[in-house]
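S.K.: Order-wise, the sequence lines are chains V and A.
No gaps in the numbering here: position 157 of the first sequence is 157 in this note's numbering, and each next residue is one more.
No gaps in the numbering here: position 252 of the second sequence is 1252 in this note's numbering, and each next residue is one more.
To be clear, the hints were calculated from the coordinates, so they are not data collected in a lab.
Careful: at least some of the hints might be erroneous.
If you want the ones that stay clear, here's a sample from chain V, every Cβ over 10 Å from chain A, calculated [what the hints assert, rightly or not]:
hint : residue
1    : THR21
2    : ARG42
3    : LEU47
4    : GLU55
5    : LEU77
6    : GLY83
7    : THR155
8    : GLY156
9    : GLU166
10   : LYS171
11   : ALA172
Covered stretches of chain V, as calculated for chain A (at least 3 residues, CB under 8 Å) [as the list claims (entries may be wrong)]:
hint : segment
12   : 96-107
13   : 145-151
Here the structure is a predicted model, which is why all the values come from computation and not from measurement.
Cβ atoms here follow ideal geometry from the backbone N, Cα and C, with glycine treated the same way.
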Amino acid sequence: MGRVEYWGEHGMSDLHKISVTINGEAIRASVPARLNLVDFIRTEAGLTGSHVGCEHGVCGACTIEVDGAMVRGCLMLAVQADGATVTTVEGFADSDFGPALQEAFQNNHALQCGYCTPGMLASALEYLRGVRSSATGPDRAAIRDHISGNYCRCTGYQSIVNAIAEVATSKAEGKS
Amino acid sequence: MSVAKPLPHDAARLHVTGTARYLDDIPTPTGCLSLAFGLSDVARGTITATNLNAVRAAPGVVAVITADDLPGANDVSPSVHDEPMLADGEVHYLGQPLFLVVAESHLAARKAARLGKVVITPQDPILTIDQALEEDSRFEGGPVIWTKGDIEAAFRTAPKSVEGTIEIGGQEHFYLEGQVALAIPGEDGDLLIHSSTQHPTEAQHKVAEALGTPMHSVRVETRRMGGGFGGKESQGNALAVACAVAAAQTGRPCKMRYDRDDDMTITGKRHDFRIKYRAGYGAGGRLLAVEFTQYARCGWSQDLSLPVADRAMLHADNAYDLPAVRIESHRLKTNTQSATAFRGFGGPQGMVGIERVMDHIAHDLGRDPLEVRRVNFYDDAIGEGGASGADGSGEKSDDVVPEPAKLGWRERRKAKKAAVAPAVTTEPAVQTTPYGMAVEDCVVNEIVADLAGTAQYDARRKEIAEWNAKSPILKRGIALTPVKFGISFTLTHLNQAGALVHVYTDGSVHLNHGGTEMGQGLFQKVAQVAADRFGIPIEMVKITATDTAKVPNTSATAASSGTDLNGMAVKAACDEIRDRIADCLADLHQAQPSDVWFEDGHVQVAGNRLTFAAAAGIAYENRVSLSATGFYKTPKVEWDRVAGKGRPFLYFAYGAAISEVVIDTLTGENRILRADILHDAGAPLNPAIDLGQVEGGYVQGAGWLTTEELVWDDKGKLTTHAPSTYKIPAASDRPEVFNVALWEKGLNRENTIFRSKAVGEPPLMLGISVLMALSDAVATGGKTYPALNAPATSEQVMNAIIRVRSE
Ligand code: FES
Ligand code: FES
């Protein structure tokens, strides 16, 4: 358990008990109703891999997996995650396409400052799970569309699309 | 050898596993407080009353600090002490920090900050370029004017002329990680500051001033930034100082992080410009005289505006030889955020000016703009190859460049190991920039020829014209624009760097230098240099956080100079240690130091081969110091900014881009279809990292000139203060076809680190090709010149379409 942030004005009576499984670990906590899920993960669970870029659902830096769906951690409240299973970048190595993506992002130079990377990986995971194997190779336009809700200010996206396409190709070839 | 290898970013593994630590991820000590500024909601006025009782009474608030409570200097300016951290009587822009809230949590601080009652008697703000001109509100008195040649005579004899104006919008940095700082008090008044800054030394300096303590009591550390782009050169000062002041007052650690809206509301952006131009030229498109009037909107404080405006003037020629030119620069003071450094630092705006002129002339002559550009290029330094071969004129010599002409940098690198060629000696200048610097390293003709060839510019231009003839609504356009960007700080004394290198007895190396990592790959490139000098694998080199206690008095990581400066400083430090080890081993083996080789993790001496670790151990036992500092200062540069004469740059970086776009003439909507880029990174230290800079730079430049629109209302409020209203490029906005390559023939003629070229800023200006391609597409709609402004939003494109149709 991480440090408990000062909830100040909320007072103890406004706290809600939740239990969440994050990267396989069950966490119980009392949180204010208005605490964002990503803030909860960063401060309470001490998992700082999920980043906060805009805090209103536009940049995608906070994208995480909740019960199999990719969500914006800044648009979901911690109390809404009560009973949910959450996977963050720190847990992607144990997920289906996680290791392949992590490899491909490194080898394709799909990051510079790296701040967008955890959210980008989450969206890439979602894409790979949904994509059908195709004989014509990876659909780069579809990849671009799929990650267009994740901003990257550094790379120009070329290398990111390359990395995802590489994993999509090996998926199609049955390698992962 | 690790130099020239496309190694991944040093922190790549940490980033993909979420374990790379940004400032906000550092576990804060117990009792850490959070800070927030209370902001002005008026753009200009005088503070008549301040009531902060409600703020003080708000839950979780520990202290509230105003200008009157500050222990030392109330200033966070990087230049002329004109930037109070907290307003002291006068308010200069909407969003200006008025007071500082110190509270138990981030949220508590932010909520309390909204409760302040500051009464401001408003005055009419000066917001626009026109208003500033009307009120004569400016920095540096009157305009700065540089001239070359007899401009009036040239205009009198020029057969043709055009004139016009272009508006060029600013740009929000939108570093994904917002501004953030953390101060941790130590014993005896010492402070450790973690700051997301490109300029730790300046943060240290400003904190020391604010506290009235010596700089030795303040240590600033920066491990990495989540993007900087110039936006963290001076804009982090306020947070570092605020944390320091609050930590000193409360004795507790203090952290400050701007929420995104606050970040965009408070911090400076790229300068928006208006550029008026007049050009006289011949029937073939050769420029004879050009006149530019550049108006830069600088915002409320001087910040870095003077060197930014200078750099715009310094790039008014881009890659073109201008026989007679007059550049007039107005640095206008307005009641808006203080415009600041942003990748290119004024250069991009200056370049857009001359590229517009080229486009306008071509339109006037009914010719392909590329032909007009070619007629005006500076001559290449030395015939084809850029790296060798005489141009036949006998005026320029290349005998000092050792490599064979036909080889690319990959082959050349293989052919030659660590030897660095002697410095280039120069022939008398035959072509000079408007500021009198000889252009001795030009490769623009060749790079453009190579790009136009591989990307089939001519054929595509023809095909597009045919396609457009058959397409009534959608119109495509294509343009090739070059980049010539000057490398060095124009403030000459900033061109210095230091490094600190330790070798431990197990052969591992601790590396530190003054440069900061913001994603650009500086740390990895410099580590590659260190590994190369010692002949050891890169894993043996530990890259450590930038720290003012290790390397002092550093310059900002800016002006694309990070690798050039710090790479050389690190090389100097490594070579110092290497020489000491070599001397020691040579002594022991009765050999010459020059016979000691460092390769493949081993050291060879007189037939013996020992590991680098063993060599380090022997040196240690023989009482040889295995620690050294390194220092580097850029040679040759000298610059008189008042006269506008001298050699501000060590060399130029070149590149060229072709963009192809399509517009919808009913809506103005537009898209980039394809981009082809060839960029000169010299002989790159890490081609993969450099390629990333080129790709990212182009997209960022294209964003600046198309979708990234900053809008202020008539009260001076920035209405585009979040990504919901300010549009940076997403993956779906980048071109479908994106062919990017480093120029294989690249080689720095100057003696830079392994003959590489700086690559941080120059590629941003490749994005200018998008604006020109849009102009090309719009021009198909009628006879009038489009005079397309930037950013070329759908609205601006539509305006231009209407203009073109009018007579
Ligand atoms: S921080 Fe959640 S989308 Fe930007
Ligand atoms: S790598 Fe910096 S934002 Fe994507």
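S.K.: With reference to the structure, classify each hint as holding or not holding.
M.R.: Status of each hint after checking the structure:
no., hint, result
1, THR21, "holds, 17 Å"
2, ARG42, "violated, 8 Å"
3, LEU47, "violated, 7 Å"
4, GLU55, "violated, 6 Å"
5, LEU77, "holds, 14 Å"
6, GLY83, "holds, 24 Å"
7, THR155, "violated, 5 Å"
8, GLY156, "violated, 4 Å"
9, GLU166, "holds, 14 Å"
10, LYS171, "holds, 18 Å"
11, ALA172, "holds, 21 Å"
12, 96-107, "holds (count 5)"
13, 145-151, "holds (count 6)"
Violated hints, listed in ascending order, are 2, 3, 4, 7 and 8; each of the other numbered hints is respected by the structure.
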